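S.K.: Letter by letter, the chains look like this.
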Amino acid sequence: MDKSRKKFSDIYDQCIGKIYRFIFIKVNSQEVAEDLTSEAFLRAWEAFKNSENPNSNNQKIDNPPAFIYRIARNLVTDYYRQKGKFQTISAEYVQMADPEPDLEEKAMLGSDCEMVRAALSNIKDDYREVIVWHYLDDLKIPEIAKILGKPEGTVRVLLHRALKAVRFALNNGK
Amino acid sequence: MSESELIKKIRQLSEIKPRKDWVLLTKSRILGLSSQPEREKVSVFTVLKGLFFQPRMAFVLPVVLGLFIAAFTFAQNSLPGDLLYPLKRIAEKGQALFVSEAERPTAQLGLANKRLEELAKIAEQNQTPKLASALDEFQKSAAVAAKNLKKPQKITREVVDETKKFLENKERAEASLGAVIGGEELDVALSQAVENAIKDLGQRTLTENQEKLLKEAKEDFSSGNLMGALDKISQMNLK
Numbered sequence: 001m002d003k004s005r006k007k008f009s010d011i012y013d014q015c016i017g018k019i020y021r022f023i024f025i026k027v028n029s030q031e032v033a034e035d036l037t038s039e040a041f042l043r044a045w046e047a048f049k050n051s052e053n054p055n056s057n058n059q060k061i062d063n064p065p066a067f068i069y070r071i072a073r074n075l076v077t078d079y080y081r082q083k084g085k086f087q088t089i090s091a092e093y094v095q096m097a098d099p100e101p102d103l104e105e106k107a108m109l110g111s112d113c114e115m116v117r118a119a120l121s122n123i124k125d126d127y128r129e130v131i132v133w134h135y136l137d138d139l140k141i142p143e144i145a146k147i148l149g150k151p152e153g154t155v156r157v158l159l160h161r162a163l164k165a166v167r168f169a170l171n172n173g174k
Numbered sequence: 175m176s177e178s179e180l181i182k183k184i185r186q187l188s189e190i191k192p193r194k195d196w197v198l199l200t201k202s203r204i205l206g207l208s209s210q211p212e213r214e215k216v217s218v219f220t221v222l223k224g225l226f227f228q229p230r231m232a233f234v235l236p237v238v239l240g241l242f243i244a245a246f247t248f249a250q251n252s253l254p255g256d257l258l259y260p261l262k263r264i265a266e267k268g269q270a271l272f273v274s275e276a277e278r279p280t281a282q283l284g285l286a287n288k289r290l291e292e293l294a295k296i297a298e299q300n301q302t303p304k305l306a307s308a309l310d311e312f313q314k315s316a317a318v319a320a321k322n323l324k325k326p327q328k329i330t331r332e333v334v335d336e337t338k339k340f341l342e343n344k345e346r347a348e349a350s351l352g353a354v355i356g357g358e359e360l361d362v363a364l365s366q367a368v369e370n371a372i373k374d375l376g377q378r379t380l381t382e383n384q385e386k387l388l389k390e391a392k393e394d395f396s397s398g399n400l401m402g403a404l405d406k407i408s409q410m411n412l413k
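Each protein sequence line maps, in turn, to chains H and U.
First residue of the first sequence? That's 1 in this note's numbering, and the numbers climb one at a time after it.
First residue of the second sequence? That's 175 in this note's numbering, and the numbers climb one at a time after it.
So that you can see chain U by itself, here it is in the shape it has in the complex:
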């Protein structure tokens, strides 16, 4: 046998190979690895990342948020009967949740005032189809404001101002519509509130000027001039 033939035969020994399953098993035994492909570890962060930080979600979330904010902004100028009006009411209800008990009458009077402004606007623009829902909104709002005014409370400058504004707005709305718009419950509550304020002020130590204004307020109230009475009370610089 020549050297090259011998080498050729030696090279044939390269056919000696270990069993494939034994190779894998031994590797896993030595290195402590599973013979199965390693699974990716799942952490809480990975799950949250998957839920909120997917490329598509990253794009969609700001867009949805932006549309939401835009809708609420546009809704502020909407009128009863408009598509976006319910959003305006939701926003107002949300804000009302953060108002303290003491500030609630002022806040509710403020909302009643807004309803009156809406009503006046509808009347001025002659948007008749929206009138019914606007009146309904006003009456609901007036009822809530009246309920809050009936509770015993100190009459503040803000309440006086809002009440004055309300009476003015109501007068204007009724003039535009040429009809009485209701809300008598609130009128009664306001009258009661003014009466209570006059009684409360009568028990306080007042300056000469304040006593004079109080006297005039009593006269206005007796004559049914609620606006006049409120005007005098507001001039007394209540704290």
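So that you can see chain H by itself, here it is in the shape it has in the complex:
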């Protein structure tokens, strides 16, 4: 395996779950999430290959995970724009890798998860991203600030507003 392939393979292993989740929360479809995630990684790999090639004029990708998130975000936007699809809420696609709770607990957990997921899918993209990055991907505020190219204070405000937007969405049953 050549060097750039090995590097991208590591990036893939590190990011695949996060990007899939990031997309799934928005599209709420396993099939669509898989398609868009593959497409995001395929585009990222093409760009990564070129950036690693010394003969290429392409700029080096400094932060591959952030770069893939950006591709994924654009793909989701394109998906809704082109297909004109509306988001449907369905709990059947939420995969729970976890230990097998009893049916009642599972139903409650699934239901709670689905409500939160649905609420997240209905808030602004900027809000959803900071919530996913901070609470699911465990990125620190400075890291998110770096990805967004905004001051840390702005990110904190964004995160606060994002949580408020989720609560609002949950309360209004959207």
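These aren't lab readings, by the way, just hints derived from the structure by calculation.
No incorrect hints appear here.
Only some residues are given here: those of chain U computed to face chain H with a beta carbon under 10 angstroms:
1. M175
2. I181
3. I184
4. R185
5. Q186
6. L187
7. I190
8. P192
9. W196
10. V197
11. T200
12. K201
13. L205
14. G206
This structure is a prediction, so every number in the text was calculated from the model and none was measured.
Positions of the beta carbon are idealized from the N, C-alpha and C atoms, including for glycine.
With the hints as your guide, set chain U onto chain H.
M.R.: Relative to chain H, chain U alone:
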């Protein structure tokens, strides 16, 4: 719902995970890799390396080679009937392959001489059990030498010297053993070779001294003194 409860519920979304088989398949599709573990490429060099350069082989090969060389060296001093004697004969046969046609009579006479020396040694050391095989080796060797001497050829200084040496060794061996050791075929061949040499020299332009030596050689040969005749021929400084 409090903020911490909300955050807790958000964190539960980390349970959303892609299918493992899809993850592997997608990776292999994107990177052009097999989902199976990559197999090591096998080259000719790898195979040869595996055959000849394994650590154990690297140790064993020089040891075997060393033992082989040592065995051949020790075999040079062996006598017929010894364990290593066949190795000595193999080495001699190997050397004979590289001898030219013109040098073959000298080489074969040389081998016949070696057999005589072995015979003399056995007789001197009174190693009776080895006598039979030593005599057998000598007769075989003498037969081959005779066969080569019968072929028409120019008598060189080397042939004369080896023949003289042979006659001396034979005399010594017979004296030690107190018996005739055979090899008459070679004696006849030698006699024939000396006769041919005298005829050949008679047709050449010779110096006064050489003509004198040739005359003496003829006389020795006529009287059956093969050694004397050869001695005169060797003094003629043949080229």
